[in-house]
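Student: Generate the whole structure from the sequences, applying the supplied hints.
There are 2 protein chains.
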Amino acid sequence: MLPRGRPRALGAAALLLLLLLLGFLLFGGDLGCERREPGGRAGAPGCFPGPLMPRVPPDGRLRRAAALDGDPGAGPGDHNRSDCGPQPPPPPKCELLHVAIVCAGHNSSRDVITLVKSMLFYRKNPLHLHLVTDAVARNILETLFHTWMVPAVRVSFYHADQLKPQVSWIPNKHYSGLYGLMKLVLPSALPAELARVIVLDTDVTFASDISELWALFAHFSDTQAIGLVENQSDWYLGNLWKNHRPWPALGRGFNTGVILLRLDRLRQAGWEQMWRLTARRELLSLPATSLADQDIFNAVIKEHPGLVQRLPCVWNVQLSDHTLAERCYSEASDLKVIHWNSPKKLRVKNKHVEFFRNFYLTFLEYDGNLLRRELFVCPSQPPPGAEQLQQALAQLDEEDPCFEFRQQQLTVHRVHVTFLPHEPPPPRPHDVTLVAQLSMDRLQMLEALCRHWPGPMSLALYLTDAEAQQFLHFVEASPVLAARQDVAYHVVYREGPLYPVNQLRNVALAQALTPYVFLSDIDFLPAYSLYDYLRASIEQLGLGSRRKAALVVPAFETLRYRFSFPHSKVELLALLDAGTLYTFRYHEWPRGHAPTDYARWREAQAPYRVQWAANYEPYVVVPRDCPRYDPRFVGFGWNKVAHIVELDAQARQARQPLLLCPTLQEYELLVLPEAFTIHLPHAPSLDISRFRSSPTYRDCLQALKDEFHQDLSRHHGAAALKYLPALQQPQSPARG
Amino acid sequence: MLPRGRPRALGAAALLLLLLLLGFLLFGGDLGCERREPGGRAGAPGCFPGPLMPRVPPDGRLRRAAALDGDPGAGPGDHNRSDCGPQPPPPPKCELLHVAIVCAGHNSSRDVITLVKSMLFYRKNPLHLHLVTDAVARNILETLFHTWMVPAVRVSFYHADQLKPQVSWIPNKHYSGLYGLMKLVLPSALPAELARVIVLDTDVTFASDISELWALFAHFSDTQAIGLVENQSDWYLGNLWKNHRPWPALGRGFNTGVILLRLDRLRQAGWEQMWRLTARRELLSLPATSLADQDIFNAVIKEHPGLVQRLPCVWNVQLSDHTLAERCYSEASDLKVIHWNSPKKLRVKNKHVEFFRNFYLTFLEYDGNLLRRELFVCPSQPPPGAEQLQQALAQLDEEDPCFEFRQQQLTVHRVHVTFLPHEPPPPRPHDVTLVAQLSMDRLQMLEALCRHWPGPMSLALYLTDAEAQQFLHFVEASPVLAARQDVAYHVVYREGPLYPVNQLRNVALAQALTPYVFLSDIDFLPAYSLYDYLRASIEQLGLGSRRKAALVVPAFETLRYRFSFPHSKVELLALLDAGTLYTFRYHEWPRGHAPTDYARWREAQAPYRVQWAANYEPYVVVPRDCPRYDPRFVGFGWNKVAHIVELDAQARQARQPLLLCPTLQEYELLVLPEAFTIHLPHAPSLDISRFRSSPTYRDCLQALKDEFHQDLSRHHGAAALKYLPALQQPQSPARG
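Protein chains in written order, with the numbering used here: chain A, 502 to 1237; chain B, 502 to 1237.
Among the clues, some could well be false.
When chains are identical, the list treats them as one kind, so a pair holds in a single copy or across two.
[Claimed, not checked] Restricting the straight-line Cα-Cα distance to at most 30 Å, the calculated cross-link-like pairs of lysine-lysine (DSBU-like) are: (1) 852 <-> 594; (2) 850 <-> 594; (3) 845 <-> 665; (4) 1223 <-> 1049; (5) 674 <-> 850; (6) 674 <-> 803; (7) 846 <-> 674.
Because the hints were derived from the structure by calculation, they are not lab data.
Tutor: Below you can see the structure in the form of structure tokens.
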């Protein structure tokens, strides 16, 4: 212990008191920020996706820029911090913070995830997210949060459709459409017992702990109910554009990209009537809202200024073209929340945009898996499934040579379904979706695949968060891909050393929306006519609930990077005879496709039945409700073979109770006489290389096969004996 | 404006005063944390790479664990913050903060970069890094910081070798060797005018702004000179292991992973004599230091307790097996610095290790490019070259269809040379390094390449920060790769949409350490004998400073994934005749290699000269000081052709003044009769796919070629006319 004690500490305390008093005398003793806020300051929209401009931007000429004092909301004598003098008391440790966000469509769903990542990165409190979503966003975000399994985060969904009638009467020129306006009805839409909530636009990014923002509720006077940052652009004064007549506001008005809402007080104050009355009255003289909810919030506040608590500017740093935000952040040097409130988003031009862009990219590309870290100081209910998963993982033996396989099998990957805009195919009874999976090194297959398959596709992509952005740019840069709205891309986020091939296939399969699926692989190009031919075949064969068949599409391969793809079976046979094409894996693994009986196919005019045989792994068209792939097969090997076995076994089982004679009733595998698909060459994958070079890898695959067979016996009893020989085949080093 | 004013503020100020006085009475008025620290607390080493254990860990049985009170260093009544009651004044805005780190070798250099990334992520002040390095670390870090170009970061290097004599007399069992001890001599090694510095181990990670740590200097009394956090494990009490006799210390002693040093006061107090005297005296009874500098720091502090300022525990949260740190961080819930002070590093077992690991991985995988963001509130000298780069980028026209190419050409990529441990080859006059570049999708080539080329290699890898870690694991998991110390891997960090092929080649070329280089591509496997054959040929041909020749290695290709690699020219010719092999790009681009004259090569018994011709792009062996590749060629196309032109043109120019008859003196391109290399198949790269599908891409490549030719004319005058026809050849869609 060092000799320290009261005398020194007394001196320090006295000094502090002195400083405090000095500050009091110099700054009028205002411990909040408000006194130092200048008159109304300009900013940006703040409505749902929060752009600066109305839908049809008028003449963009600059008329004059009003002066704006710098005001970072910094306390006296504090040059390096944005806090308002003495900090507001921090929220009680582990208090649950509530956040509401309105989110609709594919693109906003991507945005909201970046926002949530930034929030989770800095947060120290449990969070409850209240998401008002349309059906698209709900499907995406529900799947995402379910698979993300972030501790101490609860998510509730609210139907945007049900709120629409409450705001659809308001004429609105803002591109966010009706969704922006829905922030107005949150006091009634959110649970009645919820008293406080932070409302955020999808285009904000956190640069600090959200609990600091929550703590600002403590600044509210007894009557204040809405915390807002002022607008940070003179555009809002209505003097930047000709013929732009803004809605009434205090000065530049407030930006609604970040709102602290005292829901309890708003409900008490009759908010519903209040904003409706104001909106109706203003709409008598104004044609429409140009900034959705923000116009109405400002009009109400102008009438009831006592409602608003002005928040320090750093909590909503607005990055539009003409932003005056620099006066805020350059003084504060500490940003809390940035707001991309220009319709140009990251392409906006302002002095420090590179800085902000880098900051945003940090969270855009941030590996969301890392945010699964627990809040160990705040005990909380683990996310659904997390506890069992932890137990299963804990039971693994790290010394087991197959540990990597076991761990990979158990990994729950974050899944972002329909990462890009997608239109579901119209319901058609014989429609077929092509199902496949890929990683970054196969992106270049997509364009060709789109040319060969004009129908719907459901593709699972195994990517990191950063790669998902590269993929986005890749699609945007490709006219072929950008034109296709019927291709659904589902991002499965990478985690672990082995490629989870069957988990990926299951994600793509589960998201297929047509009655039939063509289970393909990304390095195959189907015949140009295959899509039409399959639909016609399904119809002609009368497939449906009664006749369950797997249609086999014969597989071929070329070893040439560039070759003239055959336009017909005749052309294909000519190439086969010329040695330009081979039947698939003819040299390396003929039994994978031998039962297809290529000799018979040459001559066939009609579909013909073939029998299942050991190691058969044809590319098939099956009903969407077919068995899922066995997720135990990760990395290279036996992943499709096991699926065909499952398919065969389940079909047999399904028929047994009816027929009581399973041996006579073989599963119907029908080879289509005009169907074909061709494998293009590529370098061996990392996983196949490991399989070839590592005896352990091969041993582990064998162990997986054995366990698969045990499970099969358990589920199907004696009928599974049929599949046993397959498991006893000698190993080949080139299975796929 | 809201009606608020003095009365409310006065009340708030009064309340604060009251609280302050209450705290003063309750806690003895100590505004620092020390009073609430219990007796000495345990922790971990803190020396250079900061492991917990001495080099030879004794019997690891646990004897007893002493009790340790929780002490997050939190102020009274503040449950959510780790600060000690009222904050120390923050450092003046934009004050330059000084940080010293000792770093030696390849692995510590990787560690230090992760530390620096975490520091840069949170920092708001300009930094000056003082790096005490060995030659290896200096080469790595100098290149890294030079190419990183982070604004407001200055780096100074100090030669560890020069400091060695000052500490090498101290017997030391710690695995950091001498380097850990060097922290003792920083007061004399750092510039005399430097008064304060933060000293860090390479295995710490920041979770907060380093200026908050710097601000703790303000807590020092007039005589204190060393700020430290106590050890956080009972191991340091010497009662966890049998026969472990610790050095003298106050309680558990202090951890030297994070140190605040008042260099000025230490110099004044005669630190050099002080620690030497103490160390000499203790070494009379103790055989060696087991924790390097930490033992000595603690022994000195025990003798002079007035020197030390105890820092709040959150500034060095120690994560060893038996850590007691939970008592610190679970109370504080706010971590400032974490310290991986177990020799097991990330594999250490403790309750919340997953949390800490995720936190560490955040910065390990963080895209360092994003840290190039400027500190716009603190004006600072831009890093060398940054200003010109900014100007050049600003001059680009975003509407130019080739904008992406222009931008990619100008991009300065962060470069981490010798990412993995590497031993330079011994100097041999005819030695040859294989030079190539690759990205993640070609990793599987490395093992085969190592089998084919037993000599030194210099490989540039184009990776993201996250991929670099995957690459590290890939090498560690491969016995073939892990065994090779003569392969240097240089990571060039990804940025931009086009593959900067020639910039990568230049990095690999610049790092080659032998007199000759074999300029290859990653998808080629050389003949097994090529390395020996090349060295013998160089010797036999008498190549050296007088005879400058490029030795041509004839290139072939196979379209098969798996084939039996020929062991001799005879075998190769047989495969060629059988149609299993072709001459390279025979079908698609024969003129790229036509001048090699394969017909002649079949029969050749001795090296023969060939003439340069348009579009020739052979794989060659040249002196290391050959011309660099033209970095303007990014993405696909013409990148090697241009280099061969450069090579030819420069050689001609060099001889002109001597011979005055350039047309007679052609550049010596010698084809070696027994040399060959074979291209293996792979799917087309993204860049070649874009080249094929995008007319704009092809147009931009043509523009680059034209500009290349203009520059060639400018540099070589009329002699460059020779190369003109090449530029006028009709375009082919399959150039590489």
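Student: Sort out which numbered hints this structure fails and list those numbers smallest first.
Tutor: Of the numbered hints given earlier, the structure breaks none, since each of them holds.
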